[in-house]
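Position chains X and S against the provided structure of chain B, taking the given hints into account.
Residue numbers (the numbering used here), protein chains in the order written: chain B, 1 to 371; chain X, 1001 to 1371; chain S, 2001 to 2371.
Careful: at least some of the hints might be erroneous.
What the hints assert, rightly or not - Just the calculated beta-carbon pair ranges, DEER-fashion:
| id | chain 1 | residue 1 | chain 2 | residue 2 | range |
| --- | --- | --- | --- | --- | --- |
| 1 | X | Glu1062 | B | Met1 | 19 to 29 Å |
| 2 | X | Arg1234 | B | Ser200 | 51 to 61 Å |
| 3 | S | Pro2005 | X | Arg1351 | 30 to 40 Å |
| 4 | X | Asp1104 | S | Gly2021 | 56 to 66 Å |
Because the hints were derived from the structure by calculation, they are not lab data. Note that this is a predicted model, so its numbers are computed, not measured. Idealized CB from N, CA, C, for every residue including glycine.
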Amino acid sequence: MIETPSLVDQYCHGVLRTELGLGTFEAHLSHTEGPPAPGTTLFDTQTGFAVRRWCPPLLGLEPHCAPARYLARRRELGVLASGRRLLRGSGITTYLVDTGLPGDLTEPGELACAGAAEAREIVRLELLAEQVADTSGTVESFLANLAESVHAAAANAVAFTSVAGVRHGLALAPEPPGPGEVRGAAGRWLAGRGVGGELSDPVLLRHLLWSAVASGLPLQLHAGLGAPGLRTDRTDPVLLTDFVRATAGLGTDLVLLHGYPYHRNAAHLAGVFPHVHVDCGAALVRTGARAATVLAEILELAPFGKILFSTGAQGLPELHVVGARLFREALGRVLGTWVDEGAWSLADAQRVAGMLASGNARRVYGLDQGT
Amino acid sequence: MIETPSLVDQYCHGVLRTELGLGTFEAHLSHTEGPPAPGTTLFDTQTGFAVRRWCPPLLGLEPHCAPARYLARRRELGVLASGRRLLRGSGITTYLVDTGLPGDLTEPGELACAGAAEAREIVRLELLAEQVADTSGTVESFLANLAESVHAAAANAVAFTSVAGVRHGLALAPEPPGPGEVRGAAGRWLAGRGVGGELSDPVLLRHLLWSAVASGLPLQLHAGLGAPGLRTDRTDPVLLTDFVRATAGLGTDLVLLHGYPYHRNAAHLAGVFPHVHVDCGAALVRTGARAATVLAEILELAPFGKILFSTGAQGLPELHVVGARLFREALGRVLGTWVDEGAWSLADAQRVAGMLASGNARRVYGLDQGT
Amino acid sequence: MIETPSLVDQYCHGVLRTELGLGTFEAHLSHTEGPPAPGTTLFDTQTGFAVRRWCPPLLGLEPHCAPARYLARRRELGVLASGRRLLRGSGITTYLVDTGLPGDLTEPGELACAGAAEAREIVRLELLAEQVADTSGTVESFLANLAESVHAAAANAVAFTSVAGVRHGLALAPEPPGPGEVRGAAGRWLAGRGVGGELSDPVLLRHLLWSAVASGLPLQLHAGLGAPGLRTDRTDPVLLTDFVRATAGLGTDLVLLHGYPYHRNAAHLAGVFPHVHVDCGAALVRTGARAATVLAEILELAPFGKILFSTGAQGLPELHVVGARLFREALGRVLGTWVDEGAWSLADAQRVAGMLASGNARRVYGLDQGT
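Next comes chain B alone, as it looks inside the complex (with noise of 0.2 Å):
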């Protein structure tokens, strides 16, 4: 009843170009500090099932099929064919692609080739600084090149993206930080590091922010559960309020990524501040049999116009799968049962369903403008 012809994916990653045993594919199903515990499975999860569920059709198998048995007609027919029969059956038309992750993943325009999709870039700020700071002999160049560098991104990319919130907490002080107080922290972390170290200092994390929101692009905000993080409740989305308080009317959009479990105040965010933004996918991946609850805890308080689909995916294609087949039964399922009691009208429904899908991201990224 509720179609969603067109499904922009506003934040995901490439896949892995290698062949996958059982073992390294089971891995990249979770995020998990060590391996599986002894009698158990990581396919015993949300996002196992659902894998299981979504994906053996699309390689001409039985639904819940055995893991191996998947895992073998994959690999029969290899990662590209596999990969190409997956992510074309996604129903997702545009890919918005962190390249900011390590490992042998697909490049944007790869992945676009493969789904017969378009794809563009989102730049991961810390990424960036580390890189630039591999190659720069001093605070002042490194400075320097940084700016040199964002500026560029901001060019060709649709959005940056940050994980602040993973690698210090979200409770960051809000205001941009002084000149001094960049260079000093910048001469402190340049001296420490090694070709690769990772950016962790408050400062220049906030250094990067201020940097993204100068920019005028959409920033992307990992929060909550998106990636694995010290502690998840430093990654509550409402440790932002002054943050977000201080980036209102500057002109640049603020998104918070998957915010799960604490996805009730990234909508709450979303409501209050125009500029805010909330991701409403990334969490059904995680959650699978649950997402139509898990989206409907985030239709109560975030504005329709203001929450955008993603499916987080990494590594894996069938992550685009599940993240794109779980939000479109989801959303069917949340408001035409919506429409059914008399709550909503259809016609509201399928307008908002079009939005969360595609509209949405398409008027936050500015997709439909001529790059």
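Just chains X and S now, kept in the frame of chain B:
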């Protein structure tokens, strides 16, 4: 199946006396910091959709009609006639009205008259103190006049309400401040403020809370998203635990307003402490089609004798309608499902429905006693 | 459709040996600070309604009969006979019993006999330390006797349990305290305490936790609303993150009890750390008709091999019944719905039901090994 013939709205405000254009009406649908984001409208929210569902039929239009059509019809009838139709269609028989908001809002008597209902006053502590400060010359006269005003208010009002959580956060020291501390804080506040200056000093906020507790009148505490505050997590009702414990056994009832998204914590306090009660209505206006779930979450831990309905409505009689209709429908659906599943008996469900709709409020606020 | 023939209750207490009047029975339905509010009763709670639903038929009465009628029938049968009927009607085949509560409660052996089931002991660390302190003259003898007692307990019990979160909060320093620190804290505690004095010193609480970890026995940690504590948010399991990380890879399993209303955080930890498991039962007794939803929230992030059933029942055999029945019904409804929707296969649902009901507990506590 589950009937609630009479509704006591235990917390609301008056309605605007002036005709409203589309933009002003829209602005009253939500608490935001700033105008709607470009390309979005506050009608595309759960509150907006709920207004479009429930209110047009009361003005002779079809449900879900376009906002502009609804506003035209509203203006055609005029603010008085449309207000009367809406309020009388809400099913509310008693309004408890917080008169402490600025703006051209109807007084309790006018609201009662327009709604063909009863109305009683709730006195907002912070406004009372600000009004006393405006007319007191010295610290001593301020404190003496304040004590007298609280005493006088207690004789006429049904409850006090406090927005200490919005002004400062609920993490206040739990014990009453000493007289010297209060005098010092009053002196500093009076010296620094102009006429109408807001009270946010934590010592004076605590002094007000304890003055209200001493009066014996029920004290309503704003928690969660009830009003736009500095940061949502600072209004988590769990932060009130020590204050709740300090006021146990003194004979004064506490009522936690709103609560959402921390309503499970509010319900828990109502379960543990005999004098704590919890609001179950104001969150429904914000969450619309999700009202049944939010209500059910409150019904997890809160004893059924401690849960009170309200609309939290402010400015628009549409919000009184939506609050009442959503509550009635959600209550019927939640309790009806439990009866269908065999979890509750029908007799119990009907009894509990009456308690939430009006019985608990009548008991807590002594509404059946002569005044 | 979804069957759970055998239930292992991984955390409960014994039942009262004495006949109960209506008021005493009512007081055991809930953890409150103070008597029910005037005009209310603790029977008007989810727990009260669940007891009235499930227990009267086991004593030959109709469901939902009035509390006084139920209590009269219970006294007519006598505490022993009614207890036997109730426990044997619960479907629980193995009870793991925390013997660390005061009061005239049945021992594991008696519970096993009354319930025609097996029972094993869980040792409460804080009580163990208090008992050792009662009989130790010096700091040195206290610490030596404590080490010996933990060692001896580990040989007979199936698990240790800790209420550190209730006594102090879960925000404990994650690493083991040094020997000098422990001696100092023990000296101060022993000097200040009378016989039976409660242990709440954070250094000693941590020493107990690490002693338990060293024993290799599973360690159950109270979190969320499991027991009346100082403030609920201080028992959020997210506060355990650093302790969890510090104990990873040591070979000792951790089990997070209760969790609600922070059960999504508990489930997340079980998803990230191989040695963390999560309770899914005790919250159901508190939330009654909402049990299916609360269970489903735990099933969002927790791997299915890491979720364990318990009743958390204490004092009343009615609570064992209610815990078991609510769990079975909720599990059947939640997994059955997912099968109906095509999200899960029936075979997977049946397998997962068996894991939650007993299989996971058998593995974690080694219940199938000879002892």
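Supplied distance hint 19 to 29 Å, evaluated on CB atoms of Glu1062(X) and Met1(B): holds, 21 Å
Should the hint that Asp1104(X) and Gly2021(S) are 56 to 66 Å apart at their CB atoms be regarded as holding? holds, 58 Å
Given the hint of 51 to 61 Å, is the C-beta distance from Arg1234(X) to Ser200(B) inside that range or not? violated, 26 Å
Supplied distance hint 30 to 40 Å, evaluated on CB atoms of Pro2005(S) and Arg1351(X): Cβ of Pro2005(S) to Cβ of Arg1351(X): about 37 Å, so the range 30 to 40 Å holds.
Figure legend: structure checked against the earlier numbered hints; the only hint not met is number 2.
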